[in-house]
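K.L.:
Given next are the chains, with one letter for each unit.
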Amino acid sequence: MDFEPDAEQTEIQQAIDALLERHAGPARAIQLAAHAGYDQPLEDALHEAGFLGLATAGAGPLEAGLLVESAARAGAVASVAAAALVAPGLEWASLPRPIALADASEAGPVRFAAHARTLLLRDGDQALAMRLAEGDAAPVRSEYGYPMGALPTRSLDGEPLAAGSGATLLRWWRVALALEIAGTCDGALAITTAYLKDRRQFGRAIGSFQAVQHRLAECAIAIEGVRWLAREAAYHGAPDEAAAVSAAEAARVAQLVFAETHQLSGAIGYTREHDLHVFSMRLQTLRLELGGVGAHRRAVATSRFGAGAARG
Amino acid sequence: MEFDLHEDDAAFRRDLEAFLHEALPEDWEARSADGPGSEAQAAFSREFCARLAERGWLTPHWPREHGGGDASAWRHALLGELLWSVGEPRGPQYMNVNWIGPAIMQYGSEEQKALHLPRISAGDVLWCQGFSEPEAGSDLVALRTLALRDGDDYVVNGTKIWTSYVNHADYCFLLVRSDPESTRHRGISVLLVPMDTPGIEVREIPSVVGERYFHEVFLRDVRVPVSCRLGPEHEGWGVVSYALQYERVGAARYARAARTLDALAERARSRGQLGDPTVQEKLGEARAQCEAARVLTWRVIDQRAHDLPPSADTNVARVAGTRAEQAVARLALELFGTEALSHGSFADSQFRLAMTAGVAVGATEVQLNLVAQRFLGLPRE
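From first to last, the protein sequence lines stand for chains A and B.
Using this note's numbering, the first residue of the first sequence is number 83, and each one after it goes up by one.
Using this note's numbering, the first residue of the second sequence is number 20, and each one after it goes up by one.
Pulled out of the complex, with its shape left as it was, chain B reads as follows (with noise of 0.2 Å):
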């Protein structure tokens, strides 16, 4: 036990911080006020992952073979880390590098290894995830987006909701029920679906967290080759699973939330309230809630790094996240009274993006109830 980092990962961080200084352009913190899937940021995406691709910094933690680096978890971790504490400037395609690509790597046929990985690891491609529907929410089995075989291809009908990035994507990371027959975990197929494919209909659901911020995808007879299946037919839920797991933890929100709450105070010094002892106290609290976010994240990230099998610990840095961001969310809000309210304000832009904390990759009572099991040992029923 020891708690070092690595000289070599420091030097990564000095040298990555140096390039961000110069890649992030003057009105960057207003261009990424919406969010990692709004139209800027997912625009700038291209750009920016191309040029962190040059540098072999977008997969430095992917095997060479699929353009990788070899390098440790731990160095794709301080990557995702500052990244998202400047407001993750890879856009949605932090997703492509923390699970789509592991998971076809895993999973994928020669084929799919040889179209999609080189595409991920040069920075030039966006992907969604159709997961959640109307009817499988937190309860992810019970989807019933249908894809029957007929001949070489699968039809595919039903409805996806709440997906983010979907406007900009080229592909979707589809789960589908391939067994008409099935229920729950069996029966499920995972599909990688060029979003240009006949029959997808995507439609904004306006919401208050932003523009563009969530959608519904109609499927209407859309004709998938068997070959865009990735993984066995019927146990996607294997695929889905070992994709999660690196998901749960794969966005450091909690280095936003940290970020932010580094920029609340300044704000808060230029008001004069900083000499408050209650201000004090707020900020005191947020920030260890912010550190004890970022340690247990640093655990999870040591265990991959030891190659240890996936574990309960997942999901405790997962909730502690979560109650990071919300906790400086609120703040946010607090400091600036009444002035949060007006659209576009740095409070309103922070609270706004954190409300979806408990709620997205999982809710914070499905993290708990596998908290309560797996680390404490208490009895389903």
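Same shape as in the complex, but just chain A (with noise of 0.2 Å):
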């Protein structure tokens, strides 16, 4: 047990921020979101770096994973997760890029569809790899944070996994959720914390105030319970219950703290010029992702408790 990074994985986060650094954050995301852009160039930068290959070539789950929560806190527009975490845990490395990731029982926009190659679809207990052509997703409209497309209508040719990888795709899916939900709320909470620092009214700087300090306090110690529950549980392999658990805990702090960032930021959060709708809006979108809190919660139950068919 050891939760001090050894030399290899501060090298890669060091290098994986670099890279961010150089290609990410939230101007990117704000000048690609006016015309739902997808940031191939930084998916392409990950790649050739190595990154997205990180849980099957030489580190693991885990280092992938702190690439996913890396990304999300940098306001990446690329889907590192489903590339970096989610096909590798299915043993299907090599799909083709941008991946999206879609649940057949939801009928709403899917992330990153309408750029997508391939659609990694969860229907039932199997998991299926479909090719995707440039228009068979339409865009859909959305201010929560991605660039959205509609599931195609037409059928799609597509590669099935054995039975039962549907439930292994849920898995690796709940656990990039809540990484990707802890470095998004990592990116609001920065923003937040700095406002609330810089900000005076009453003669004081707001972020003095008590009322003030405990609810920012309450989102910190959210927050750091999804990074280590999600850590571990990628660390581990996304078992069952500790996937279910980070996903769980992860979608209630995701509105927490959305209520409260944005309730602290007053009216210069709602708009686009400041930067805590890149992070606040993709909360909504995380945290309704595989049936919200209620499906998380109930996925726990029954795989600690034996609770009785729980709907995934």
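Note that these hints are calculated values from the structure, not bench results.
This one's a predicted model, so the numbers in the text were calculated from it and none came from an experiment.
Here a beta-carbon is modelled for each residue, glycine too, at the ideal position from N, C-alpha and C.
Errors might be hidden in some of the hints.
[As the list claims (entries may be wrong)] Pair ranges (Cβ atoms, derived):
hint: 1; chain 1: B; residue 1: Ala59; chain 2: A; residue 2: Pro321; range: 32 to 40 Å
hint: 2; chain 1: B; residue 1: Glu21; chain 2: A; residue 2: Gly390; range: 30 to 38 Å
hint: 3; chain 1: B; residue 1: Glu254; chain 2: A; residue 2: Ala109; range: 50 to 58 Å
hint: 4; chain 1: B; residue 1: Gly396; chain 2: A; residue 2: Gln96; range: 21 to 29 Å
hint: 5; chain 1: A; residue 1: Ala189; chain 2: B; residue 2: Arg349; range: 31 to 39 Å
Assembling the complex is the task here: the two chains are given apart, and the hints tell you how they should meet.
P.N.:
As structure tokens, then:
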């Protein structure tokens, strides 16, 4: 047991941060969002640097998870979690990118689908990899932080994995969601903390008021819990209970952090000139995927206590 | 960064589980229902801790010269986690090994070490902590119990309150103001006071938490030899700060909450409630909070194992643990409905034991202040 990064992990993290510093960040996200664009150069740079292969080559799912968390923290507009963590979790590492994740039981728009070349579809207990051509998934306008696309209506060529692969996809997707939520919350919290130190009202920094401090402290505590649960779950290969636990806690915390960072940021937080929305609006997307907090919690009860068949 | 339990620690946990299976009496659940400070548990702790000590499991993380086993912080943490999860059969003695012993090791004279450490590591001594006062609760440095020098003695006068375990205790870890001219952090000293010293009167404060849970301790002209002072005169706050770093995550209350939650799920199953999606969601929510508290506590243990200085991660873990305990306690009542209201029912015992979670060992609000200022760097004024 060691919560501190070793030398190799430190080196990987520094290289990831340096790359994201160059290619990503809230300004880049805002620029791309203006035309619902996708950051293909960023994804290509991550691929060329070998980071999308961390889970399989040399490192492992924890290191891939650290990449997912870091990319979310940088507001990256690229489908990093699917390529770096979820597809390798299915031992399906060489799918055409970008990869979008979709759940056949959900009707709404799908993150990254309009730009994806592979749709990794969870259909009950089976996972399928479908090839997407340009125009297969029509763009859907959305304010919730990601370029979105509609699930194609025409039938697609798909490569099914064995029965039971749907559960594997679900486990890794849950861990990926938790890591993305941890990183996205970090982004929202950092912006809000800086604002509260800077913004003065009633003759003092509003971050010095105890009522404000306590709310932000609760957010920080909740985010730390999500981070370490998710990292631990990734390290252990996304076991059922740990995956569901980290997603359940993450979905709860996503709403807490959304509500508190907006409330504490006041009106400036709603504007497109302020960076908060880059992170906060994403939290709504993330907390709704895979049935949201209720489905994750029922899954915890099923795997921990053997509660009756919970719908995943 | 890796999250595998060391093989030796995993083996130790299995051995300890086997030992507990054999060492805890059949009526243990009933006996432990009133918490570590109850008559039943305090009495059992002397027998149980002596048996732990025989195996070297009472103070495994202490240095060998003081009766320990030089084991890692992990060994001690896993021990605490497992023991709390079964209702803390060490009773009040968990405090001895968590922070009173370490504080004596750090600050004690040779005479104090020779007197106290062997007894603590043998498991046959009970301590209480004399911290809070009627006018000094969360603001502990407002304490005003006075200890005035008179030759080789201090003469102590004042009142301590909310004291647990005091009715069984052999010694009190007592905070006093030794410099009457001082205020706040300066001028505080720590005295290690035998509870049979003349002038100490203990009165129970009846409460809804449980019988003999809280007490008031009146100190009237209590003569304590100067040789009983722990650490430098007037600089006791440093001793307390050192001790509190151990105390805040010392009691693995989240582990008890997790075990309680497992028991609640079993009861829900036997009542046919486990198929109810609402019940499932509540169980899942509470389990997730218990797990968050566990992993955040482990983060602090890991920092200790690395000999890193204490950080605000301790306060983070403490609040998460409190939240988990409160979530499970609320759920206990909600699952059982009005049946929970009968005195001594499973849900009733769990709920009332958990009531003090947000207040004991530093109110949650104080922890949140520290997280805001030390973890987030928000300004004080």
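K.L.:
Against each hint, give a clear statement of whether it holds in the structure.
P.N.:
To see whether the hints hold, each was checked on the structure:
1. In this structure the supplied range 32 to 40 Å holds for Ala59 of chain B paired with Pro321 of chain A, their Cβ-Cβ distance being about 38 Å.
2. A beta carbon spacing of about 36 Å between Glu21 of chain B and Gly390 of chain A agrees with the range 30 to 38 Å that was offered as a hint.
3. Here the CB-CB span from Glu254 of chain B to Ala109 of chain A is close to 52 Å, well matched to the stated 50 to 58 Å.
4. Between Gly396 of chain B and Gln96 of chain A the C-beta distance comes to about 23 Å, which sits within the given range of 21 to 29 Å.
5. Look at Ala189 of chain A against Arg349 of chain B: about 35 Å separates their beta carbons, and that is inside 31 to 39 Å.
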